[in-house]
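Undergrad: Below are the chains, spelled out letter by letter.
2 protein chains.
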Amino acid sequence: MEAPATTIPVLTSKEEMRAWSRAQKKKGKTIGFVPTMGYLHEGHISLVSAARERADVVVASIYVNPTQFSANEDFDVYPRDPEADRRKLLEAGCSVVFEPESLYHIVEGADDGSNVVGRESGHPDAHETFVQVEKLQLPLCGGSRPHFFRGVATIVAKLFHIVEPDVAVFGRKDYQQWRVITRMVRDLDFPIEIVGMPIAREADGLAMSSRNARLSAESRAACLAIPRAVKWAEAEVGRGAGDAGALASEVAARIEAAGGKVDYVELRHAEHLQPVTDLRAQPTLLAVAAHFPARDRGTVRLIDNTVLQPAAA
Amino acid sequence: MEAPATTIPVLTSKEEMRAWSRAQKKKGKTIGFVPTMGYLHEGHISLVSAARERADVVVASIYVNPTQFSANEDFDVYPRDPEADRRKLLEAGCSVVFEPESLYHIVEGADDGSNVVGRESGHPDAHETFVQVEKLQLPLCGGSRPHFFRGVATIVAKLFHIVEPDVAVFGRKDYQQWRVITRMVRDLDFPIEIVGMPIAREADGLAMSSRNARLSAESRAACLAIPRAVKWAEAEVGRGAGDAGALASEVAARIEAAGGKVDYVELRHAEHLQPVTDLRAQPTLLAVAAHFPARDRGTVRLIDNTVLQPAAA
Chain A
18 MEAPATTIPV LTSKEEMRAW SRAQKKKGKT IGFVPTMGYL HEGHISLVSA ARERADVVVA
78 SIYVNPTQFS ANEDFDVYPR DPEADRRKLL EAGCSVVFEP ESLYHIVEGA DDGSNVVGRE
138 SGHPDAHETF VQVEKLQLPL CGGSRPHFFR GVATIVAKLF HIVEPDVAVF GRKDYQQWRV
198 ITRMVRDLDF PIEIVGMPIA READGLAMSS RNARLSAESR AACLAIPRAV KWAEAEVGRG
258 AGDAGALASE VAARIEAAGG KVDYVELRHA EHLQPVTDLR AQPTLLAVAA HFPARDRGTV
318 RLIDNTVLQP AAA
Chain B
18 MEAPATTIPV LTSKEEMRAW SRAQKKKGKT IGFVPTMGYL HEGHISLVSA ARERADVVVA
78 SIYVNPTQFS ANEDFDVYPR DPEADRRKLL EAGCSVVFEP ESLYHIVEGA DDGSNVVGRE
138 SGHPDAHETF VQVEKLQLPL CGGSRPHFFR GVATIVAKLF HIVEPDVAVF GRKDYQQWRV
198 ITRMVRDLDF PIEIVGMPIA READGLAMSS RNARLSAESR AACLAIPRAV KWAEAEVGRG
258 AGDAGALASE VAARIEAAGG KVDYVELRHA EHLQPVTDLR AQPTLLAVAA HFPARDRGTV
318 RLIDNTVLQP AAA
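So the protein lines, in turn, are chains A and B.
All residue numbers for the first sequence refer to our numbering, where the first residue is 18 and numbers rise by one.
All residue numbers for the second sequence refer to our numbering, where the first residue is 18 and numbers rise by one.
Since the hints were derived computationally from the structure, they do not count as laboratory data.
Errors might be hidden in some of the hints.
All copies of an identical chain are treated as equivalent in the list; a pair is satisfied when it fits inside any one copy or across any two copies.
With a straight-line cut-off of 27 Å between C-alpha atoms, the simulated DSSO-like cross-links for lysine-lysine are [as the list claims (entries may be wrong)]:
1) Lys190 x Lys44
2) Lys44 x Lys31
3) Lys152 x Lys46
4) Lys46 x Lys248
5) Lys190 x Lys248
6) Lys248 x Lys31
7) Lys190 x Lys152
Chain A on its own, in the form it takes in the complex (with noise of 0.2 Å):
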């Protein structure tokens, strides 16, 4: 009998991963892969569990992409801490981790290694072919960040022909990626399955997120308002609310009540997320983000979101 590993292999190379990957599937294992930035919290590892359950094998990925970062965000002091997250995995009983250095072509003297959005290289023979899902991407933080969804699809699309995996699972904390993905596989014809699992939240109630440690502790409690919100939007539609308009509003002056900072309210189409008007007609994602004081300086931005079933007519 084999003593239980007490450290997690980590593959660093394209070619390592896709021996390992191939080497599991001619033994018959089929393979779940939860692909993360690292920095793991409870709700990265409730993926790798929900991978457990439909696969033989789990890969989880490590990699802080630089093509969905633009260069004046923060993607070079994007946080860093691969000791504790092979630890969690490990627990978790995640299989291998793949943490490769760099995903993208470099080209020697002539490409400053980021692929960053608009620091990257403008070489000729330098990465330059992307996957865009030319409509989901648009709304929502797509609108703000015009390049994140072309860098998320393309490192995904990346990830899945050296992975190979046969489920893939996201969280649908990250709503409209899970959408664009999800759009990507059936519109490329990608020979997987993609998972999306509900948000993980704190026993009060608070979508989990490595940010929620930055919250000073009185935000901590009226950062509240925003998972209150979203449940009191959920009864309201079940009850038979119809107006998008006036159910926006509310959600947003109950979080601005408790001293938030609303970024945006959004209701819109949950498969196809095109906005709506009427909450009676189909199933309606609520997309929530605000700011709360955090406890050093400025602010610490929440997101939060549900699907709205209306009631049964």
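Go by the hints and put chain B onto chain A.
TA: Just chain B now, with coordinates in the frame of chain A:
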């Protein structure tokens, strides 16, 4: 002993095609793939032969891809002859032919089913994911047909996900297409080897094309000016010629002197297709397109190309 098949197996759904490929892989067979739009000539058949040399079994696909046509192009009248194509593929030793009816997601009642650019459905559930090779798609054929390589890269990505080949064979007659696919495969980490085969030529040097049959008797002789000018350019550069502008002018003059109407004569870096000025600095693509009178009415557009190798220093 099995009798030789008298008809080639025809697969028409994605599911059938993928199941066939996976069954071959289970038997340990490698898969070669030749994607085509049908109406096959000897040039295509040479690609099937090349695939047979590199893989245990060979899939050819016949699919006229709407997304690489625009509304004012000839999608609806693109020539089709599936019976003849199947016979030729069987003779060439192809294992199966994939002839899907449609490969794009159709929204019932909201879609005309064509997905031709400018005529596609605006429905938010319609196909919307595209692969773009953002620099290589721009010059040459991409200048006059800006939608073209977006459609090509997208359909090839879809076919790769359905057929799951180990090696795929393309003709270098469509040189830019071969470069676009090669770059896409590198950038998106497809686990597929791409082979580009030299142009298949008639005994007298004319590049094979189903369009050649449309030339008048006089044009059929006169258009040999194209392959002759290409050969002349190869020899010139082999002798040390370096001035790209002068070489292009002379190639154009030789074709015009024979009665052709030149569409373009271009000299570009053989890998990334950026313009070049000094032919001694790198291998250079010479790409030619010219019209000659047709036997019926109008003209026939002929293309040819070669990679000019500078003289050894």
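Undergrad: So, for every hint listed, does it hold in this structure?
TA: Now the hints, each set against the structure:
{"no.": "1", "hint": "Lys190 x Lys44", "in the structure": "neither (34 Å within a copy, 42 Å between copies)"}
{"no.": "2", "hint": "Lys44 x Lys31", "in the structure": "both (20 Å within a copy, 26 Å between copies)"}
{"no.": "3", "hint": "Lys152 x Lys46", "in the structure": "neither (36 Å within a copy, 40 Å between copies)"}
{"no.": "4", "hint": "Lys46 x Lys248", "in the structure": "neither (40 Å within a copy, 55 Å between copies)"}
{"no.": "5", "hint": "Lys190 x Lys248", "in the structure": "within (15 Å within a copy, 61 Å between copies)"}
{"no.": "6", "hint": "Lys248 x Lys31", "in the structure": "neither (43 Å within a copy, 42 Å between copies)"}
{"no.": "7", "hint": "Lys190 x Lys152", "in the structure": "within (20 Å within a copy, 34 Å between copies)"}
Hints 1, 3, 4, 6, counting from the list given before, are not met by this structure.
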